[in-house]
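Trainee: If you read the protein sequences in the order shown, they are chains A and B.
Just so we're aligned: 478 in the numbering used here is position 4 of the first sequence, and the numbers increase by one with no gaps anywhere.
Just so we're aligned: 777 in the numbering used here is position 303 of the second sequence, and the numbers increase by one with no gaps anywhere.
Worth flagging that the hints you see were computed from the coordinates, not collected in a lab.
There could be a bad hint or two in this list.
A pair holds if it fits inside one copy or across any two, identical chains being indistinguishable in the list.
Here are the simulated DSS-like cross-link-like pairs (lysine-lysine), alpha carbons at most 27 Å apart as the crow flies [unchecked claim]: (1) Lys787 - Lys684; (2) Lys610 - Lys596; (3) Lys831 - Lys581; (4) Lys610 - Lys638; (5) Lys535 - Lys706; (6) Lys476 - Lys494; (7) Lys596 - Lys706; (8) Lys535 - Lys684; (9) Lys706 - Lys731.
Bear in mind that the values here come from a model prediction, so they are computed numbers and not experimental data.
Number of protein chains: 2
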Amino acid sequence: MKVYNFSAGPAMLPEEVMLKAQEEFCDYHGTRCGIMELSHRGPEFMEVLATAKQNICDLMKLGDDYAVCFIQGGASMQFCMIPMNFMPAGGVADYADSGTWSANAIKEARRFGTVNIVGSSKETNYDRIPLVRHWKPSENAAYLHITSNNTIAGTQYHTFPPVKEGVPMIADMSSDFMSRVIDINEFGMVYGGAQKNLGPSGVALVIIRKDLAARANSDLPTMLRYSTYIEKDSMFNTPPTFAIYMLKLITDWMKAKGGLAVIEEINNTKSEALYELLDRSDFYRSPVSPGSRSKMNVVFRLPSEELEATFVKEATQNGMTGLKGHRSVGGIRASIYNAMPIAGVEALIDFMIQFEKANG
Amino acid sequence: MKVYNFSAGPAMLPEEVMLKAQEEFCDYHGTRCGIMELSHRGPEFMEVLATAKQNICDLMKLGDDYAVCFIQGGASMQFCMIPMNFMPAGGVADYADSGTWSANAIKEARRFGTVNIVGSSKETNYDRIPLVRHWKPSENAAYLHITSNNTIAGTQYHTFPPVKEGVPMIADMSSDFMSRVIDINEFGMVYGGAQKNLGPSGVALVIIRKDLAARANSDLPTMLRYSTYIEKDSMFNTPPTFAIYMLKLITDWMKAKGGLAVIEEINNTKSEALYELLDRSDFYRSPVSPGSRSKMNVVFRLPSEELEATFVKEATQNGMTGLKGHRSVGGIRASIYNAMPIAGVEALIDFMIQFEKANG
């Protein structure tokens, strides 16, 4: 039986990539060693690192003014690195509060300065992106922080907020990184853990404007300074070589697919098919405000928690796994990142129709 | 041709482990998903994590008073986390300076307080462990930091220094972690990147006495506090699941071998054979003081740099790779971690004898 894994992350990776990594696992390019057994300063890994970076530059059309960094610790480490680097003493930063991960980022930032919440959807259980026209930016924010896709609530920014001249926008893109075309020039920095669209867990991708990194607070610990990663090409110390290798294979695959515009179109097709079913059904219900729906994490409810439990169980029996909603909110969540083929979404839709017929 | 990889790290992993990981790479225990594609909160990974921890407790005979943590960022991140957690405001910590990595640890610690160098072998190019009987501990050190094995210089502590009651000893064991029996009760904390004896790069193993973690400075960023990893069982955020999975397989392998006493004996056999050859040869020369020789990284010199270059080249042609010394010191370095079989060391010795005959 074919298995489609709808986990929110770590998540399924492209089948071709997994097979290739398996094939060369013990013998990378004739070395008789796995890539994870080779020195990070040897020619094999140096080429992997350079290609991964170049792929990201190509796919995201990055100019020379941006640097690509690979940093350990996931997005959660970025939650402290960002204010450590960019919050001036006694300063203020603007944060939009659109979900659990925004709230975590805010909590860390408060250790380093004043956080101004420009907008929040907490009062409506994070069912939408806070309406930008109601945002209240501070006069002198060091930066604006947003969470482009909210994995738990199932919401996503479809356009990005305008910012005042000189205020860099920083976006946590963990759960929609490289799932669509964005204009990097709108951002001072974008970042995210790899374990949704880009690879296994254990590496975060950070794309940062070099002049922003250069203005960071000085005298930070070496490993917590963005400039360390820029100056040393993410090789100040041993990087997570296998995770970067997987990221290289996955960005190779993305380029072969035709790049982000093609991937975005496929992602639109997948999410539209699911939302169409939710909209025409009286059995399934989306808790998300229509204008804020995520194309990555489609969350929905059934008439009862009992039916939700049965749904998850029967879906698993039918080869569709990882559909249980986050433990903090319940319900169902279908995470349909880049690696989820259209066939997987079609299988889920067929199952949902059958399940509604049997239980509706 | 069989290849023996003498890299200093990332380094060779046990062949059986690599083959097993390859076999189940795309289908972990019948899930039809790779372990890296599965949720870190699912039953499969939770079992991997629990087993990895239990293996470490068993192998190192840890009591309940110690916690096992998996932290990203390598040993270099520990260089700042240690003083952030344990250096009191205006306080002092004792550091032994036995090599490049000690010096890096000292550099980071100086950002947070006063560092007292208890002893240093810098003046003799780190050719030995600084003589403990000449050490000058401070009156009120928050902790003592040592580097148990010096990967670049090829030196190692064969006994550990005594410490004053109440001063926790913290050891960077990156390059000899779990290569021999140690008494954990001598230490407040031991840590190291996995990429030598324990797995791929991308995860550091930290073993810490719980009462020490509990006395750490408060108000640190969540990801930089040891207590976060203890309280959340290294799952505050998504851990590097594949690296931990590899570490689990490798500790399974270590247990199957018979545990650390057996592994230590094999490591003694390997290193003694190499040092014996160095001692009886007029061609090869060890730059390391005999009492400080590392059993993990055997460094040696040939009569000229030209001969060293030829040695590395011909060894590679004969299936022995990664023998070039660290770029900062030159020479030859044979890293013979747990995964290097005796046959690999025998092959190297045979080659060295032939090379001496041809060039001596």
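Trainee: Determine for every hint whether it applies to the structure shown.
Mentor: Verification of the supplied hints:
no.	hint	in the structure
1	Lys787 - Lys684	neither (49 Å within a copy, 40 Å between copies)
2	Lys610 - Lys596	within (16 Å within a copy, 57 Å between copies)
3	Lys831 - Lys581	neither (45 Å within a copy, 67 Å between copies)
4	Lys610 - Lys638	within (12 Å within a copy, 56 Å between copies)
5	Lys535 - Lys706	within (22 Å within a copy, 39 Å between copies)
6	Lys476 - Lys494	both (19 Å within a copy, 23 Å between copies)
7	Lys596 - Lys706	between (40 Å within a copy, 25 Å between copies)
8	Lys535 - Lys684	within (16 Å within a copy, 48 Å between copies)
9	Lys706 - Lys731	neither (31 Å within a copy, 39 Å between copies)
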